[in-house]
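Chain by chain, the residues run as shown.
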Amino acid sequence: MPPDAGRWTAWRRVQERAVTLCLLLATGVVLVPVASVLYVTVRNGIAAWNWAFFTQVPAAVGASGGGVGNAIAGTALLVMLALFVAAPVGLMAGVYLSEFGREGGFPRAVRVVNDALMGVPTIVLGIFVYAAVVVPMGHFSALAGSVALALILIPTVVRVTEDMLRMVPPELRDAGLALGVPEWRVITSIVLRAAFPGILTGIALGVARIAGETAPLLFTAFGNPNWALNPLQPVSALPLQVFLDAVSPYADLQQKAWGAALLLIVIVACGNGFARAYTYGRKVG
Amino acid sequence: MTKRSSAGSAPVARRSSGSDPGGAPAALRSRGDRAFRLATMLAAAAVLAAAAAIAFVLLRASAPAISRFGPAFLVRADWDPIRLSFGALPFVWGTLYTTAIATVLAVAAGVMTALYLTEVAGGGTRAVLGFTIEFLAAIPSVIFGLWGLYVLIPWLRDHVAVPLSMRAGDFPLLAGPVYGPGMLAAGLVLAVMIVPTVAAVSREVFASVPETLRDAAYALGVTRWEMVRTVLLPAAKGGLLGAVVLAVGRAMGETMAVTMVIGNAAAVSVSLFAPGNTMSSVIANQFAEATERLHQAALMEIGLLLFLTTLLVNLGARWLAARTAARAMMVPPFAGAPEEGQADAA
Numbered sequence: 000m001p002p003d004a005g006r007w008t009a010w011r012r013v014q015e016r017a018v019t020l021c022l023l024l025a026t027g028v029v030l031v032p033v034a035s036v037l038y039v040t041v042r043n044g045i046a047a048w049n050w051a052f053f054t055q056v057p058a059a060v061g062a063s064g065g066g067v068g069n070a071i072a073g074t075a076l077l078v079m080l081a082l083f084v085a086a087p088v089g090l091m092a093g094v095y096l097s098e099f100g101r102e103g104g105f106p107r108a109v110r111v112v113n114d115a116l117m118g119v120p121t122i123v124l125g126i127f128v129y130a131a132v133v134v135p136m137g138h139f140s141a142l143a144g145s146v147a148l149a150l151i152l153i154p155t156v157v158r159v160t161e162d163m164l165r166m167v168p169p170e171l172r173d174a175g176l177a178l179g180v181p182e183w184r185v186i187t188s189i190v191l192r193a194a195f196p197g198i199l200t201g202i203a204l205g206v207a208r209i210a211g212e213t214a215p216l217l218f219t220a221f222g223n224p225n226w227a228l229n230p231l232q233p234v235s236a237l238p239l240q241v242f243l244d245a246v247s248p249y250a251d252l253q254q255k256a257w258g259a260a261l262l263l264i265v266i267v268a269c270g271n272g273f274a275r276a277y278t279y280g281r282k283v284g
Numbered sequence: 000m001t002k003r004s005s006a007g008s009a010p011v012a013r014r015s016s017g018s019d020p021g022g023a024p025a026a027l028r029s030r031g032d033r034a035f036r037l038a039t040m041l042a043a044a045a046v047l048a049a050a051a052a053i054a055f056v057l058l059r060a061s062a063p064a065i066s067r068f069g070p071a072f073l074v075r076a077d078w079d080p081i082r083l084s085f086g087a088l089p090f091v092w093g094t095l096y097t098t099a100i101a102t103v104l105a106v107a108a109g110v111m112t113a114l115y116l117t118e119v120a121g122g123g124t125r126a127v128l129g130f131t132i133e134f135l136a137a138i139p140s141v142i143f144g145l146w147g148l149y150v151l152i153p154w155l156r157d158h159v160a161v162p163l164s165m166r167a168g169d170f171p172l173l174a175g176p177v178y179g180p181g182m183l184a185a186g187l188v189l190a191v192m193i194v195p196t197v198a199a200v201s202r203e204v205f206a207s208v209p210e211t212l213r214d215a216a217y218a219l220g221v222t223r224w225e226m227v228r229t230v231l232l233p234a235a236k237g238g239l240l241g242a243v244v245l246a247v248g249r250a251m252g253e254t255m256a257v258t259m260v261i262g263n264a265a266a267v268s269v270s271l272f273a274p275g276n277t278m279s280s281v282i283a284n285q286f287a288e289a290t291e292r293l294h295q296a297a298l299m300e301i302g303l304l305l306f307l308t309t310l311l312v313n314l315g316a317r318w319l320a321a322r323t324a325a326r327a328m329m330v331p332p333f334a335g336a337p338e339e340g341q342a343d344a345a
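Chains as they are written, first to last, in numbering that gives the first Met the number 0: chain A, 0 to 284; chain B, 0 to 345.
The reader is advised that the hints may include incorrect statements.
[Claimed, not checked] Derived, one-sided and incomplete: chain B residues facing chain A with beta-carbon distance under 10 Å: (1) Gly86; (2) Ala108; (3) Val119; (4) Gly122; (5) Phe130; (6) Phe134; (7) Ile138; (8) Val161; (9) Pro162; (10) Ser164; (11) Phe306; (12) Asn313.
[Said to hold, decoys possible] Far from chain B by the CB rule (all over 10 Å, computed), these chain A residues: (13) Ala4; (14) Val18; (15) Trp48; (16) Ala62; (17) Met79; (18) Phe83; (19) Met136; (20) Phe218; (21) Pro224; (22) Gln232.
In short, the hints are calculated from the structure, not lab data.
Fair warning: this is a prediction, and the values are worked out from it, not measured in the lab.
Glycine is no exception: its CB is placed at the ideal position from the N, C-alpha and C atoms.
Please put together the full structure from these sequences, using the hints given.
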């Protein structure tokens with residue numbers, strides 16, 4: 000045994016402790032911003048919440064009072080329209096990839112492009128929809144905003160549908176077919192139903208995400224200070240309202256921004272909480 | 000599962016889950032079945048069509064700028080909406096600068112957090128912290144912008160930027176004047192936003208390293224850190240690289256938070272405190288007021304470049320993940336446990 004073995008062991012022990020401490024510190028450093036964002040948003044947001052905040056439209060610039068009721072309604076409208084487009088397309092494409100196109104060039108291309116679309120910056124989708132929808136229509140609209148949001152949602156739905164359908168045991172399909180059930184009924188009534196909890200979870204997370212998107216709405220839904228629920232007219236949305244109020248010079252509007260931000264966090268937390276509770280309750284297969 | 004954390008692992012699941020379920024034999028397919036198949040195929044084709052449409056529409060909309068400035072657009076530092084002279088260099092620079100700050104910080108903190116969660120923390124801590132960090136990933140970008148604007152920037156200005164540039168302002172990296180919004184603020188906000196991605200993907204990568212490798216190392220009497228340094232990190236190298244590329248992709252495209260804290264200036268400066276713009280934030284900042292056709296086309300061209308770059312980065316991350324998955328499957332034979340046949344023979 001070398002004479003300094005004891006010292007070497009002691010050094011290794013110190014090293015071990017130091018590294019563990021570093022890892023703990025790094026985790027702490029990551030948690031500080033989470034804590035700060037949540038604390039500041041809750042503290043400032045609660046102060047902005049009152050009945051008028053949820054039920055009224057913004058007050059005239061510079062005046063105090065008013066609320067973000069129109070933005071809440073606008074976000075609901077945008078998300079619903081986006082879901083209306085994205086859910087059927089995404090589900091069908093996911094069914095194709097899992098049930099009919101596991102191998103081959105075309106499905107592989109769809110998979111690669113779909114995954115790549117998930118990473119496209121949402122501002123790019125925003126200006127695409129501006130050029131493809133807003134310019135031909137001649138004006139901003141909720142419809143254009145929801146097309147942009149649908150483009151964000153579709154890749155998520157395709158991916159989660161394919162992944163969840165693949166977990167359904169093939170025996171279920173065989174059993175259905177053996178009973179003489181038409182293929183399309185086997186897929187819609189048996190396979191999709193078995194995978195439904197997982198798909199719903201994915202869609203809930205996707206909806207929570209698009210509800211918080213600002214960049215794709217800047218040049219599509221645009222914002223609207225009044226009540227507007229016509230899909231062909233510009234509408235406001237919560238994240239848009241947060242952005243516009245945050246960069247305004249008025250303290251009252253800045254407080255509204257915090258209130259709207261808190262509401263967004265609550266929506267996102269609900270989406271995530273729902274997804275979690277639902278998947279814990281039932282497992283696929 | 001979350002969209003973000005699943006990105007790295009999906010190719011593995013896809014590979015292992017076998018071939019076509021087959022469905023009904025062709026002779027038994029009814030007219031309804033054929034219609035259903037066709038409809039799902041059209042939906043899948045719609046995904047390809049959407050991507051093609053994005054590329055085509057952006058290309059057409061940026062045509063005036065492309066024909067006016069050509070490839071030099073990327074390296075011209077001049078961005079002047081009044082004289083209609085446009086070059087993207089300040090924004091390419093801003094994107095590279097802020098992405099670099101964010102990636103370095105987020106990778107360091109994210110990988111260490113993942114190590115803590117997989118190797119040190121107990122089950123309860125792991126679940127709670129894991130959930131908290133994943134929640135960070137779900138918070139909308141605009142809220143980070145709001146937080147950056149009213150919490151991070153004032154703090155940075157008073158406790159970091161002003162003291163540093165007063166004492167070491169001769170050093171170009173720390174040169175003033177300090178406005179508040181700027182590259183450092185944007186880089187930090189981005190780092191906070193991409194840490195969950197890095198941590199989540201790294202956790203998956205560490206978890207996918209076979210337990211037998213760790214056991215073999217511990218059996219030789221190494222400490223935890225020695226095991227991490229000599230066994231875990233080398234085995235996880237490829238997957239971690241995938242995590243880094245994913246993080247870069249997210250940082251490059253992130254818009255709202257950056258737009259709110261970067262200061263909206265078209266300048267190329269090495270100072271951490273200089274205001275700037277990234278490729279995505281310049282679109283958010285200027286598109287609404289771009290009434291001139293050429294100005295709008297130049298912004299569209301930046302969008303097109305951003306689209307193509309993030310496509311490439313994401314394909315790269317996917318390729319890395321797939322390659323690592325293949326390699327991870329090759330690990331078990333080296334993992335110390337004798338293969339079944341050998342065990343019987345012995």
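A quick look at each hint next to the structure:
1. Gly86: violated, 19 Å
2. Ala108: This hint holds: Ala108 of chain B lies near chain A, its Cβ roughly 5 Å from the closest one there, short of 10 Å.
3. Val119: Because about 6 Å separates Val119 of chain B from the closest Cβ in chain A, which is inside the 10 Å limit, the hint holds.
4. Gly122: At 16 Å from the nearest chain A Cβ, Gly122 of chain B fails the 10 Å test, so the hint is violated.
5. Phe130: holds, 8 Å
6. Phe134: holds, 7 Å
7. Ile138: This hint holds: Ile138 of chain B lies near chain A, its Cβ roughly 6 Å from the closest one there, short of 10 Å.
8. Val161: Violated - the Cβ of Val161 of chain B stays beyond 10 Å from chain A, reaching only about 21 Å at its closest.
9. Pro162: violated, 20 Å
10. Ser164: For Ser164 of chain B, the interface hint is violated, since the closest Cβ of chain A sits about 24 Å away, which is over 10 Å.
11. Phe306: holds, 5 Å
12. Asn313: holds, 4 Å
13. Ala4: About 12 Å separates Ala4 of chain A from the closest Cβ of chain B, which puts it past 10 Å; holds.
14. Val18: violated, 4 Å
15. Trp48: The claim holds: Trp48 of chain A sits with its nearest Cβ about 16 Å from chain B, beyond 10 Å.
16. Ala62: Per Cβ check, Ala62 of chain A is outside 10 Å of chain B; nearest 22 Å; holds.
17. Met79: holds, 18 Å
18. Phe83: Check passes; 14 Å lies beyond 10 Å.
19. Met136: holds, 14 Å
20. Phe218: Violated: least Cβ distance 6 Å, not greater than 10 Å.
21. Pro224: For Pro224 of chain A, whose nearest Cβ neighbour in chain B is about 16 Å away, the distance exceeds 10 Å, so it holds.
22. Gln232: Fine: 18 Å to the nearest Cβ keeps Gln232 of chain A off the interface.
Violated hints, listed in ascending order, are 1, 4, 8, 9, 10, 14 and 20; each of the other numbered hints is respected by the structure.
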